[in-house]
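**Q** Take the given structure of chain V and dock chain X to it, following the hints.
Residue numbers (our numbering), protein chains in the order written: chain V, 23 to 237; chain X, 3 to 218.
Among these hints, one or two may not hold up.
25 Å max Cα-Cα, derived SDA-like pairs, lysine to any residue [unchecked claim]:
id: 1; chain 1: V; residue 1: Lys210; chain 2: X; residue 2: His124
id: 2; chain 1: X; residue 1: Lys193; chain 2: V; residue 2: Ser183
id: 3; chain 1: X; residue 1: Lys193; chain 2: V; residue 2: Lys132
id: 4; chain 1: V; residue 1: Lys132; chain 2: X; residue 2: Val155
id: 5; chain 1: X; residue 1: Lys193; chain 2: V; residue 2: Thr184
id: 6; chain 1: V; residue 1: Lys105; chain 2: X; residue 2: Gln171
id: 7; chain 1: X; residue 1: Lys86; chain 2: X; residue 2: Ser162
id: 8; chain 1: V; residue 1: Lys132; chain 2: X; residue 2: Asp205
For the record, the hints were derived by calculation from the structure and aren't laboratory data.
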Amino acid sequence: MENKVECRFEELPNLGVVVAPMPSNLLQTLKDRIFKMATDEFKNEQDVRDRLFGHVDREYSLADLIPQIEPFMLELVKEYGTKWDFPYNNQTFKGTGVMRLTDLWVNFQKKHEFNPPHFHSGVLSFALWITIPYDIKEEEAVFPTISGGIPRTSKFSFHYSTITGEHWSFSLPVDQGYEGTLVLFPAKLIHSVNPFYTSDGYRVSVSGNLKFEIQ
Amino acid sequence: MSDQEIRVNFNELPNIGVLSAQVPDNILEGLNAAVDRILEEQFKNSEPMNRNLLGHMRHEYKLDECIPLLESFVVYLATLYDQKWNWFQSLDENYNTNVAKSLKLHDLWVNVQQKHEFNPPHEHTGIMSFNIWLRIPYDLKEEEAYFPQTSGVSRTSKFSFHYANLLGQHSNFMVEVDKLHEGTIVMFPSKLNHSVNPFYTSDEYRISIAGNLRIV
Chain V
23 MENKVECRFE ELPNLGVVVA PMPSNLLQTL KDRIFKMATD EFKNEQDVRD
73 RLFGHVDREY SLADLIPQIE PFMLELVKEY GTKWDFPYNN QTFKGTGVMR
123 LTDLWVNFQK KHEFNPPHFH SGVLSFALWI TIPYDIKEEE AVFPTISGGI
173 PRTSKFSFHY STITGEHWSF SLPVDQGYEG TLVLFPAKLI HSVNPFYTSD
223 GYRVSVSGNL KFEIQ
Chain X
3 MSDQEIRVNF NELPNIGVLS AQVPDNILEG LNAAVDRILE EQFKNSEPMN
53 RNLLGHMRHE YKLDECIPLL ESFVVYLATL YDQKWNWFQS LDENYNTNVA
103 KSLKLHDLWV NVQQKHEFNP PHEHTGIMSF NIWLRIPYDL KEEEAYFPQT
153 SGVSRTSKFS FHYANLLGQH SNFMVEVDKL HEGTIVMFPS KLNHSVNPFY
203 TSDEYRISIA GNLRIV
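Here chain V stands alone, though its shape is the one from the complex (with noise of 0.2 Å):
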């Protein structure tokens, strides 16, 4: 019977991620600028918690470094548009719009902090993984017996509907491997990032959002 079963699978049309790594000159100066703002302890550095969901007790603004982080992200907005015809063409408004880096910060996450499930203004967004602190391989055995054998601790997770409309969870097991790695996504797909356990040390990414100028 193997044999004689001829079938086709079919994805359904959806919209995805985008993982990349960051050009290494652009990350050596988000890494300088934070390096920096930890040095001098964060003093008279803009505090950005208010515009944000995440449980973190420093999350500061990174806009002065915008003009030079912008040129790469609007290239791989196009990256994403050429796979996936999104953003769609314009409908929300008249006119014509170009798209812009709007909101770049830094999150300082500590032990135990979190950010639970949210999503961000704007049309596409990104988190950029400067520094992880833990071994992934710890953090998993923290709660060794989940049920699917895959913890959650420390993890990066989309949420989402797939086509009959239930809710699933995408993790992503960011570990030192992902450090200078982004992941670009429609700025309104849920995200969430749960805590971490064997590390004292902080978790540094970097945040940012890319909307349209309405011209």
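**A** Quick look at chain X alone, frame taken from chain V:
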């Protein structure tokens, strides 16, 4: 165009929801006694449930011995749920049975959650599921003050439902679980996604009982 000239109707489109109720005292006494025994024995004689659950918690145990105590109450709540939202009828054809008359309490367990532990978004097996809060060790105001700068409402310690609104967008409904919730039950469709955030301000256990009603 004064207020009096405008007549409008705001129509909420039909959807199902969640039911909450107070658990009868005799049932609470039985559940508390079972939990006290588990705690006194320091979990040594209890059967772990962790491998069947998604909770990131060290202590989750089967409570099969309490099924007879609880079953008729939760099955009754399920019939009330169906009376309100007429939901089981839509399931009957899926299972070729009368769902309302076929539900049994199949799984029952206790979650002994410690500070910093959490339960990520997940769903259950079965048709209807429930959660009973037995002991809440923190003050909700202290929890909410732990991350005071968060945009909007602090979500520490809270039980959240995740669902699609009528536009298909993912939405969130939080149950602000505090000491007043001790002894209350929330019943919901098993496939309704939900999660529990960590708490930070107490070293005591937060204890809840959960279960699934399946077609038997």
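**Q** For every hint, state whether the structure bears it out.
**A** To see whether the hints hold, each was checked on the structure:
At most 25 Å may separate the alpha-carbon atoms for a hinted pair to count; lysine 210 of chain V and histidine 124 of chain X meet this at roughly 20 Å. This hinted pair checks out: lysine 193 of chain X and serine 183 of chain V have alpha carbons roughly 12 Å apart, not beyond 25 Å. Taking the CA atoms of lysine 193 of chain X and lysine 132 of chain V, the gap is about 32 Å. The hint is violated against a cut of 25 Å. Restraint check for lysine 132 of chain V and valine 155 of chain X: the C-alpha separation of about 20 Å stays at or below 25 Å, so the hint holds.
As the CA atoms of lysine 193 of chain X and threonine 184 of chain V are separated by approximately 13 Å, the hinted pair is consistent with the 25 Å bound. The hinted pair formed by lysine 105 of chain V and glutamine 171 of chain X meets the criterion: a straight-line CA distance of about 23 Å does not exceed 25 Å. With a C-alpha separation of about 22 Å, the suggested pair lysine 86 of chain X and serine 162 of chain X falls inside the 25 Å cut-off, and the hint holds. Of the supplied pair hints, the one linking lysine 132 of chain V and aspartate 205 of chain X holds, its CA atoms being roughly 19 Å apart against a limit of 25 Å.
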